[in-house]
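Residue 96 in this note's numbering sits at position 96 of the sequence shown; the count goes up by one each step and never skips.
No lab work stands behind these hints: they were computed from the structure.
Since the model is a prediction, treat every value here as computed from it, not as a measurement.
Misleading hints may appear alongside valid ones.
As the list claims (entries may be wrong) - Here are the simulated DSSO-like cross-link-like pairs (lysine-lysine), alpha carbons at most 30 Å apart as the crow flies: (1) K138 - K7; (2) K242 - K177; (3) K138 - K71; (4) K74 - K193; (5) K7 - K71; (6) K192 - K181; (7) K208 - K192; (8) K75 - K196; (9) K71 - K226; (10) K242 - K192; (11) K177 - K193; (12) K196 - K208; (13) K226 - K148; (14) K75 - K148; (15) K71 - K242; (16) K186 - K208; (17) K148 - K193; (18) K276 - K177; (19) K208 - K177.
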Amino acid sequence: MLASWVKFATSNNLDYLNLTIETFIQYLEHLHQESVSSNVIEQARSAISTIFSMGSGIRLSLDERISRIVKGSKKINPQEKKIKVYHDPEPLLLMWERQSISQLDDNTLVARMATMLVLFNSVRFREMSEILQEQTIKNQYSYQILIKTKNDLTNCTRVSISHTATREGVSPLNTLKECLKRRQNKGPLLWKKEGKPLSANEVSNYIKSQIRKTSLPPDCEAYMLKHIGLSKAGRAGVNHDKIREHARWAPGSRMFELNYNLLGEDTEIIDAICAKNKNNKQQEEQDIRWLEEISEEELIEGDTIASKMEQNGSNTRNQLSLKEPTE
Numbered sequence: 001m002l003a004s005w006v007k008f009a010t011s012n013n014l015d016y017l018n019l020t021i022e023t024f025i026q027y028l029e030h031l032h033q034e035s036v037s038s039n040v041i042e043q044a045r046s047a048i049s050t051i052f053s054m055g056s057g058i059r060l061s062l063d064e065r066i067s068r069i070v071k072g073s074k075k076i077n078p079q080e081k082k083i084k085v086y087h088d089p090e091p092l093l094l095m096w097e098r099q100s101i102s103q104l105d106d107n108t109l110v111a112r113m114a115t116m117l118v119l120f121n122s123v124r125f126r127e128m129s130e131i132l133q134e135q136t137i138k139n140q141y142s143y144q145i146l147i148k149t150k151n152d153l154t155n156c157t158r159v160s161i162s163h164t165a166t167r168e169g170v171s172p173l174n175t176l177k178e179c180l181k182r183r184q185n186k187g188p189l190l191w192k193k194e195g196k197p198l199s200a201n202e203v204s205n206y207i208k209s210q211i212r213k214t215s216l217p218p219d220c221e222a223y224m225l226k227h228i229g230l231s232k233a234g235r236a237g238v239n240h241d242k243i244r245e246h247a248r249w250a251p252g253s254r255m256f257e258l259n260y261n262l263l264g265e266d267t268e269i270i271d272a273i274c275a276k277n278k279n280n281k282q283q284e285e286q287d288i289r290w291l292e293e294i295s296e297e298e299l300i301e302g303d304t305i306a307s308k309m310e311q312n313g314s315n316t317r318n319q320l321s322l323k324e325p326t327e
């Protein structure tokens, strides 16, 4: 997208480092005239607006004229919506239930925390790498972590971490409390050797280490967990608008508004994600047998078992689907 914008700006004698609403509109109209698909136009609006808004603080994508261009391109060139199919997170939930948080080594504890943040709270890898323990806000029934906004790094948004009523053995709040205890409420929430913060890429690798300890198939990537969780919540009947807000797909939430708190104390989404699938008892038994084959050391230590995954790659997984909303 950036290369396309730079090429357009250069050919029209525009300063590609100084994006204005007027030049942004010209660029999107150019894409439309070039018969680019409406999906690509929408992606261009989102990607370029996000990058330039971080520096200027001006939220380009929310201008009504820009919104009309995107909506118009969709009406003229409608794209067939694809139904994405995601795996059930049950193997991860079962593994966490069988773990004793206090016995986990630091790497596995951090990996568990990162995995829960993306599965239950849709937190991005970069955002996770910047969370500080000393900024945690402690309430009676939940804690809140602070995440930096994209367009104003001096402001932070509160994200609530709580227990879940549907799965007592899976508690993001207890995992968070153990992380704070280990580092005495100081430094990064997700740390590595010598207390240094994980980079966004390292966060992804730590999450992969959790996935590889379960019977989830090899093609399940770390970033998919966000969609896996929201897919299950959607199938459970959670309001679609609530899911859009939670995932920051809703207008106005993408830039992480200061007053946007990820639904505060509302636990409906996490409860739906943690709920057991009553219609697939056989699959649950297979997942339990898988975990029983793993030694206690593998459950509490940071080593992965990718070779076991490859041997069981043909294992059929229960899958859930939800039409993914567009930004």
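Notebook entry, point to check: Hint by hint, which ones does this structure get wrong, listed from lowest number up?
Noted result: Hints 1, 3, 4, 8, 10 and 14 not satisfied by this model.
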